[in-house]
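Q: Using the hints, position chain B against chain A.
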Amino acid sequence: MPDLLLELFSEEIPARMQAKAADDLRRMVTDKLVAEGLVYEGAKAFATPRRLALTVHGIPARQPDLKTERRGPKMGAPDAAVQGFLKATGLTSLDEAKIQRDPKGDFYIALIEKPGRDAIDVLAEILPVIIRTFPWPKSMRWGARSGKPGSLSWVRPLHTIIATFGPETEEPDVVKFSVDGIETGQTTYGHRFMAPDAISVRRFEDYEAKLKAAKVILDPQARKDIIFADAKELTFAQGFELVEDQVLLDEVSGLVEWPVVMMGSFEAEYLAIPEEVIRATIRNNQKCFVVKDSKTGKLTNKFVLTANIEAADGGKTIVAGNERVIRPRLSDAKFFYETDLKTKLEDRLPKFEHIVFHEKLGTQAARIKRIERLAAEIAPLVGADVAKATRAAHLAKADLLTEVVGEFPEVQGLMGKYYALAQDEDASVAAACEEHYKPQGPADRVPTDPVSVAVALADKLDTLVGFWAIDEKPTGSKDPYALRRAALGVIRLIAENALRLSLMKVAASALAGLSVKPADAQKLPSDLLAFFADRLKVQLREQGARHDLVDAVFALGGQDDLLMIVRRVEALGKFLETDDGKNLLAGIKRASNILGIEEKKDKRSFDGAPDAALYSLDEEKALAKAIGEVTAEASTAVAKEDFAAAMSAMAKLRPPVDAFFEKVRVNDDDAKVRENRLKLLNEIRSATRAVADFSKIQD
Amino acid sequence: MDASLPAHMRPERSFQGFILALQRFWAEQGCVILQPYDMEMGAGTFHPATTLRALGPKPWNAAYVQPSRRPKDGRYGENPNRMQHYYQFQVIMKPSPPNLQELYLKSLAAIGIDSAVHDIRFVEDDWESPTLGAWGLGWECWCDGMEVSQFTYFQQVAGVECAPVAGELTYGLERLAMYVQGVDRVYDLNFNGRDGDAKVTYGDVFLQAEREYSKHNFEVADTAMLFEQFKMAETACRKYLDAGWKDSKREAHLMALPAYDQCIKASHVFNLLDARGVISVTERQSYILRVRELAKACGEAWIHTEAGGAA
Chain A
4 MPDLLLELFS EEIPARMQAK AADDLRRMVT DKLVAEGLVY EGAKAFATPR
54 RLALTVHGIP ARQPDLKTER RGPKMGAPDA AVQGFLKATG LTSLDEAKIQ
104 RDPKGDFYIA LIEKPGRDAI DVLAEILPVI IRTFPWPKSM RWGARSGKPG
154 SLSWVRPLHT IIATFGPETE EPDVVKFSVD GIETGQTTYG HRFMAPDAIS
204 VRRFEDYEAK LKAAKVILDP QARKDIIFAD AKELTFAQGF ELVEDQVLLD
254 EVSGLVEWPV VMMGSFEAEY LAIPEEVIRA TIRNNQKCFV VKDSKTGKLT
304 NKFVLTANIE AADGGKTIVA GNERVIRPRL SDAKFFYETD LKTKLEDRLP
354 KFEHIVFHEK LGTQAARIKR IERLAAEIAP LVGADVAKAT RAAHLAKADL
404 LTEVVGEFPE VQGLMGKYYA LAQDEDASVA AACEEHYKPQ GPADRVPTDP
454 VSVAVALADK LDTLVGFWAI DEKPTGSKDP YALRRAALGV IRLIAENALR
504 LSLMKVAASA LAGLSVKPAD AQKLPSDLLA FFADRLKVQL REQGARHDLV
554 DAVFALGGQD DLLMIVRRVE ALGKFLETDD GKNLLAGIKR ASNILGIEEK
604 KDKRSFDGAP DAALYSLDEE KALAKAIGEV TAEASTAVAK EDFAAAMSAM
654 AKLRPPVDAF FEKVRVNDDD AKVRENRLKL LNEIRSATRA VADFSKIQD
Chain B
29 MDASLPAHMR PERSFQGFIL ALQRFWAEQG CVILQPYDME MGAGTFHPAT
79 TLRALGPKPW NAAYVQPSRR PKDGRYGENP NRMQHYYQFQ VIMKPSPPNL
129 QELYLKSLAA IGIDSAVHDI RFVEDDWESP TLGAWGLGWE CWCDGMEVSQ
179 FTYFQQVAGV ECAPVAGELT YGLERLAMYV QGVDRVYDLN FNGRDGDAKV
229 TYGDVFLQAE REYSKHNFEV ADTAMLFEQF KMAETACRKY LDAGWKDSKR
279 EAHLMALPAY DQCIKASHVF NLLDARGVIS VTERQSYILR VRELAKACGE
329 AWIHTEAGGA A
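Chains as they are written, first to last, in this note's numbering: chain A, 4 to 702; chain B, 29 to 339.
Take these hints with a grain of salt, some might be off.
[Stated by the list, open to error] Just the calculated beta-carbon pair ranges, DEER-fashion: (1) B:K267 x A:E362: 30 to 38 Å; (2) A:K354 x B:G224: 44 to 52 Å; (3) B:P126 x A:P412: 34 to 42 Å; (4) A:P331 x B:L62: 29 to 37 Å.
What the hints contain is simulated information worked out from the structure, not anything from laboratory work. Using N, Cα and C, we set each Cβ at its ideal position, and we do this for glycine too.
Chain B with its partners taken away, still in its complex shape:
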């Protein structure tokens, strides 16, 4: 931890200081620090900086905060730690460096978690995302019995074998910050690190939104529109993928990213429909498959783009 930081910027005092500390740490490791992707998504992994950049031979090191939307997890602001919107901090390094575990542990030190007094453990967790056609092996990282991060060596993403393999770290920011700040309710997190009247809490920023979106997600979201949007996104994704091939040889692709945006869209719309309870158990599987097919087609397109490593 940087001792020169003003008190209100220290990671154990402020949520924003906590995020900045992580960004700074990973910037020091050579990562590009990106800003959140401007679309709704269920996890930081959906960001094209992970999903697509994990593919292909080119080295890629990035870190970013990604707001994650899980419509079903909304609790109208009444649960101390479950929300339909929260932040993930995502790190991706390709190829995975040999000392990624050490880097991770140093990053914990940077946010005030000292491995001399905390019990930090790597507990088996095989990661799989059926919607992204992705899987990897790694761990849940535990701090004193609490899961604070996911650590994954991607083996396959969007149906494409990772060569080389990327290492991915995902920090659940609120949970970690709660631990470091010593609060039991997420809305009590000190957001800006100030005291008294100047103090802004996580609840000041997000509680209203949690209530509103919970109502929206569970009760009001227009399902007819959403069903339509799902179809539109699916159709558009296919259309852009088709139109993206440079020529009939299908060796070079020019439009994987816009197509992938539609895949992200479809996935989020599906999550909303799921939260509204209008998708039956059997249909659910087929929707997941439909998103996966889009993700795979986008992955296939991406490895034929210049950034994706096509010659």
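This is chain A alone, in the form it adopts within the complex:
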């Protein structure tokens, strides 16, 4: 069966867009083929800086024929109806129609055969539409045609399109179409500098091979492999080790069609700069890898660059040029670092008076004051020294005003730590300057030093409460202030450090420190708590744990101790994995269902203690006794925060509950007995509420 080769050759496509573009191209073309009844065998897409390419193999040469039947008017129907039928079906006379008999009479049936079209014609129709509607994150117009409406938009100017279609054994055909004046053909071009001439191609196999001969590696993964292997080998050969960096590798492989890896060096004096700053300088500005000494594990004064050309002089000029660029960059970084060291962190703070954090939430200075106050308040709750926590909160944001952080925002916090240590701050205070931003995401480390924890919580809770107060909550996919991340950070800080604190109280205190007073201030802490519950559910779901249990615990009300909530959820989850747990849940649900129905019927609830005198069956008595014992035992366990023990207590309910449902008819003829039994069922429900509202648990 025939194959399709498509290439869209353009000016340089941004590296960060290439992978998704290749994927979009494959998806859009194959989806459309399938929708047209052309089921293909396989497809693969590729991207280089200058081209998107797609091969789809095993496409049927023709669409299948479509046969449909269409029912027309009854025999003897008025002429207008007959004419309408003929017109709609394309029949010339009723002689061409079949007659179908059915209980309502005899009807004309038209058999319509829609022959399948040649796949190449279908392609000529769908490909231009895909090109015109391609989802680039940003696209542009260019050239003379851009003066007219409806001109093509592409990521950068598009120059040529290859579209060929045909079976392996034959000369393929060009899928003929044109987009904004670009006619499809079989011509592409090789490497911009090393093989710029036109290349004529027939199908994917010779396309890929000819490109390779013309110094273009089509497959991004192959380019990555080359860069990675060559960089490792080059550094290893000199006794060094490459500092691996997947994100940089992805980017660099999107900047070259023919990767040539080389190593350069810089003056050793620059190694006095913090390693992270050297790395940021070399990586961000120059897209080069840094290198470490394999013995000491420390950075060495080497870097690895990836050129796009095998230079005539073996790369000497290129290496020298890159060194010339990196040198002043590092010299700047060193200058920034040394300049920064001359100013104490606290001396930078007055500038924050003039920097607005958020229009409605005041200046950074005001924010720092709030965080200090909150950190001091939280400190005793997390075992941190109050003075140290206050000091850390005081200094933690100061590095935002340093030259190095101004140049490399990604080292914020880290520089704060270096500068704090340089001015002989306490080690915990210095650590908090860096760690109070943590955890930044689900994979990031959670700080454990109590001072860091106190400041991290204060920072995040001030942010959350502040944006809640001005009603800037995340909606849908929009979360410009990263509030979801902040909330998850709070949850992880508390759960992983086993901290006990009342979120409602802390939130209320944070709120009191704000200068804005929201209209519904009372509701705010509980609103925020609901947001935490949501975040907790998301986190549990992502961990593959049950998230419906969060609702069951929150439904108890008055729960704002995150650690206890997490513990309850964990204990509950474990319990529900046991047979006792599953059966008890079933029993409780059954009790709840019956109660629900009867409460509705009688339009009343069955609260209140059952009357022991009305028990007639052993199973009733046994259940009542068990409820009494389990309630007491579970409450004691919950009071000791031993949720596993509370669950074990609950497990004891299972046999009497099972026996009750087996032997006892709840809706007894005697109304009094019935009421008493319903009250007993209600007791099961309340007994289990010591740990969670079981009725909120999904099956």
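A: Frame of chain A; chain B shown alone:
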């Protein structure tokens, strides 16, 4: 590169030879070679030959050197490559020709950058000028890891969609010349290509000015006057724009250029105020918006002028 050039005119020997080589190259491509605009501005893009001529349907190919003033970038002549005054070489071609990238690479060859030994790359850079209400897509052009030019396909300028699109190239002349001459300090650039006593360096020409203007920009510039000048320029710009409409139908405009001069003025005055540190972060945004509003109004006026393509 032209082999017949005398040694002191060769682009790798002299800064002026370097500029002349670029001018000559682009003249060969049919560009009109303009002289710098006679007003202070932050970038070559502000020149009306780019900002206004990028608008409207008429073809336009031009190249020129534009002194660029960035008051905040002054370093009292002590930084090897940061200055409050430097040169940009600007090329604008409307509509953007299909081979603009090739032309650019040839221009590099004309100033001594051989693509057989240098690693030349087009690295994504989306250009945006909030003050000009302009944006475009293109690249930073890298030579051996150094950014040597900006390459932009203008999509919108002064709030007006470009139809057709113009291609814009901006060369940072000092940086490129430093690379080609192999010097690490801008003030060491050989300006006239001569040796010995006859040699004039970039420092001979500009170092004194860098020191003086740095002092002026950061310490002394009269802020009260500048605040006043900003307001005056803004008011004048509006006034000229209003007065420029041919009649009440507002279909033809006769005075977009003088109005736009006031927009350039306002922008530079703002940059000076910013360097003096008297504009707060929140105010900063509103000043940028005010300049943008002027730029947009000028763009709107320009497309109603004869040169701007109004019928």
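Q: Determine for every hint whether it applies to the structure shown.
A: Verification of the supplied hints:
Taken as a hint, the range 30 to 38 Å holds for the pair K267 of chain B and E362 of chain A, whose Cβ atoms sit roughly 33 Å apart. Taking the beta carbon of each, K354 of chain A and G224 of chain B are about 50 Å apart, inside 44 to 52 Å as hinted. Between P126 of chain B and P412 of chain A the beta carbon distance is about 39 Å. The supplied range of 34 to 42 Å therefore holds. Against the hinted window of 29 to 37 Å, the Cβ-Cβ separation of P331 of chain A and L62 of chain B comes to about 32 Å, which satisfies the hint.
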